[in-house]
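Top line first, the protein sequences correspond to chains A and B.
Using our numbering, the letters of the first sequence map in sequence onto residues 1 to 329.
Using our numbering, the letters of the second sequence map in sequence onto residues 1 to 293.
In short, the hints are calculated from the structure, not lab data.
Take the hints with a grain of salt, since some may be wrong.
[As the list claims (entries may be wrong)] Here chain A is said to cover these stretches of chain B; the calculated rule only asks that three of the stretch's residues, wherever they fall, bring their Cβ under 8 Å from a Cβ of chain A:
# : stretch
1 : 78–92
2 : 108–119
3 : 277–285
Ideal Cβ positions, reconstructed from N, Cα and C, are used throughout, including at glycine.
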Amino acid sequence: MRRFPTLPVALALLVVAAMLPFVMTGFRLFQFTQVFIYAIALLGLNILTGFNGQISLGHGAFYAVGAYTSAIMIDHWNVPFVLTLPVAGVLCLVVGFLFGIPALRLEGLYLALATFALALAIPQILKYFEHWTGGSQGIVLSKPDPPVFLRAADARVHLTPDQWLYFLTLAVLVVLFVLASNLLAGRTGRAIVAIRDNAIAAQAMGVNSALYKSLTFGVSAAYTGIAGALSAGAVAYVAPDTFNVFLSITLLVGIVIGGLASIPGALFGAFFIQFVPNWAQEISKAAPWAIYGIFLIVFMYVMPRGIAGSLRLAWARLGRARAGTPTGA
Amino acid sequence: MEIFFQQVVSGLATGGIYGSLALALVMIYQATDVVNYAQGEMAMFSTYLAWTMINAGLPYWLTFFATLVIAFVGGLVIERVIIRPVENAPILTIVIVCIGLLVILNSVAGWIYSYIQKPFPSPFSERPVRIGTVVFGAHDIGAIGVTLVVLAFLYVFFRFTTLGLAMRAAAQNPSSSRLCGIRVGWMLALGWGLAAMVGAVAGMMVAPKVFLDPNMMAGILIYAFASATLGGFTSPGGAVLGGLIVGVFENLVGTYVPFIGTELKLTVALALILIVLVVKPSGLFGRAAVHRV
Numbered sequence: 001m002r003r004f005p006t007l008p009v010a011l012a013l014l015v016v017a018a019m020l021p022f023v024m025t026g027f028r029l030f031q032f033t034q035v036f037i038y039a040i041a042l043l044g045l046n047i048l049t050g051f052n053g054q055i056s057l058g059h060g061a062f063y064a065v066g067a068y069t070s071a072i073m074i075d076h077w078n079v080p081f082v083l084t085l086p087v088a089g090v091l092c093l094v095v096g097f098l099f100g101i102p103a104l105r106l107e108g109l110y111l112a113l114a115t116f117a118l119a120l121a122i123p124q125i126l127k128y129f130e131h132w133t134g135g136s137q138g139i140v141l142s143k144p145d146p147p148v149f150l151r152a153a154d155a156r157v158h159l160t161p162d163q164w165l166y167f168l169t170l171a172v173l174v175v176l177f178v179l180a181s182n183l184l185a186g187r188t189g190r191a192i193v194a195i196r197d198n199a200i201a202a203q204a205m206g207v208n209s210a211l212y213k214s215l216t217f218g219v220s221a222a223y224t225g226i227a228g229a230l231s232a233g234a235v236a237y238v239a240p241d242t243f244n245v246f247l248s249i250t251l252l253v254g255i256v257i258g259g260l261a262s263i264p265g266a267l268f269g270a271f272f273i274q275f276v277p278n279w280a281q282e283i284s285k286a287a288p289w290a291i292y293g294i295f296l297i298v299f300m301y302v303m304p305r306g307i308a309g310s311l312r313l314a315w316a317r318l319g320r321a322r323a324g325t326p327t328g329a
Numbered sequence: 001m002e003i004f005f006q007q008v009v010s011g012l013a014t015g016g017i018y019g020s021l022a023l024a025l026v027m028i029y030q031a032t033d034v035v036n037y038a039q040g041e042m043a044m045f046s047t048y049l050a051w052t053m054i055n056a057g058l059p060y061w062l063t064f065f066a067t068l069v070i071a072f073v074g075g076l077v078i079e080r081v082i083i084r085p086v087e088n089a090p091i092l093t094i095v096i097v098c099i100g101l102l103v104i105l106n107s108v109a110g111w112i113y114s115y116i117q118k119p120f121p122s123p124f125s126e127r128p129v130r131i132g133t134v135v136f137g138a139h140d141i142g143a144i145g146v147t148l149v150v151l152a153f154l155y156v157f158f159r160f161t162t163l164g165l166a167m168r169a170a171a172q173n174p175s176s177s178r179l180c181g182i183r184v185g186w187m188l189a190l191g192w193g194l195a196a197m198v199g200a201v202a203g204m205m206v207a208p209k210v211f212l213d214p215n216m217m218a219g220i221l222i223y224a225f226a227s228a229t230l231g232g233f234t235s236p237g238g239a240v241l242g243g244l245i246v247g248v249f250e251n252l253v254g255t256y257v258p259f260i261g262t263e264l265k266l267t268v269a270l271a272l273i274l275i276v277l278v279v280k281p282s283g284l285f286g287r288a289a290v291h292r293v
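When you get a sec, could you build the whole thing from the sequences and use the hints?
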């Protein structure tokens, strides 16, 4: 079977993505920025749930921590937006790692339970620290401006704030995707997957299961936190009730539809959770969630590997058909 | 001291409701090893059905029992149609299917009945009952009573009937039970039906206090999780007792720990779940799970 030409396809898509801001404006562009933000968050969740097999129903909490980190730094200390991203990442890494330690003792259902409780509790916690978070009013931000060299009168390229945010998000996305695929392709990645497939066998092979599991939790939270920080900039507003339990479920929907344990799956999932609810909304306010639910269940029955898995399968079939060997040989 | 007793009493009342939902969770967990995340939404949906019937002019108790029958059939059908195909799938798959069920029920309820809160009647008189200086709401006492009746009914059912014995056997050792002629698949479905019924009771008991809306169960579900975790996921009696303890604990913490108040209620439940899972994962009354390698 021929290998899928990953690199050329990725580069071609990147070129297309880089041209988008010059052909579409305003809300459309914002939607694509949001797709990339979701893709980063989904990749984070997928590292944990898809690759490492730890179920999290509470990743919206880390998204919220990232968003609030960024918003508070901008609002209280006037820190430039770009600098808040690594801070949000590191903070979520630490928070995720710490949450991962008690989570170590929890398997499967119990971990899902604890994280589900986290997802339900996070809006309350955010409202409680009113001095920092602005309570239920949230924090209103202004859209981050592009750096001076991109908006000065004599600059060669002028970018609007929307375009700047788009490119920033795209750049972060590319860096984080490359990092993740390197992480997962190597020794560490094999350990992460081995723990999912058979924790005891992995330990017998010398994998420090406890350390890897909490680290995976940390890295996963960091990805989702960075996505949250980016969303604070893109939406220019954070409020506790937008980070409710349904955000966490949305992220879960994204990785299931996109493809569990698949890196490009994060992108498919992100497109799905960004655009499908918009279409469904036209039927009824409740329709997006009904559709989410149906998709969740149907995908588990017929496409448990999501869109990415099905495409991979289709490519493999295509390869076999072209080579002239009967399928199943 | 008066405040203390008052808080304990109202804690017991809410605790009874947590307990009955926790009981439903534990029943499904014992029968099928599935933690049903949709349990709260199933209860919410049954309560909406009851609301529809009451609005159509049916008397309360007729509605009550009709709802139990509908909930039972609904639970049965959900198990047969939705859960059965993934029965032997990895845990992740089952969790995702349950979450799917949760959002479907939630949004369909919102679709049909809108997201506006609705009052739900209580079958008990509104006159408060006084014992000494402590005031009981009649509904609170009634709710505890109903929970205890349900628990007693389940105890008798599982302990003294052949069907109850068959269900326990099917949960404990499916292959041997099958060899004895027990239809294991149907026993699991029955378990879901019964749990849906218990959930419906919890829903109808809680709705007069929190008003009826599609999201009413989210907070209660997390407390039910906390109760089931505290009592132990393998112990039905423990789940109800856990519910009562959690209800009282929640009220006392809210009253006496100044920085918590009512705003951090859900966080208390989260902390409780985490602490129990880390310190004693099997809960107070549960058996420690032993895995065969």
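query: Among the hints numbered above, which are violated by the structure, and what are their numbers in rising order?
result: As far as the earlier hints go, not one is violated by this structure.
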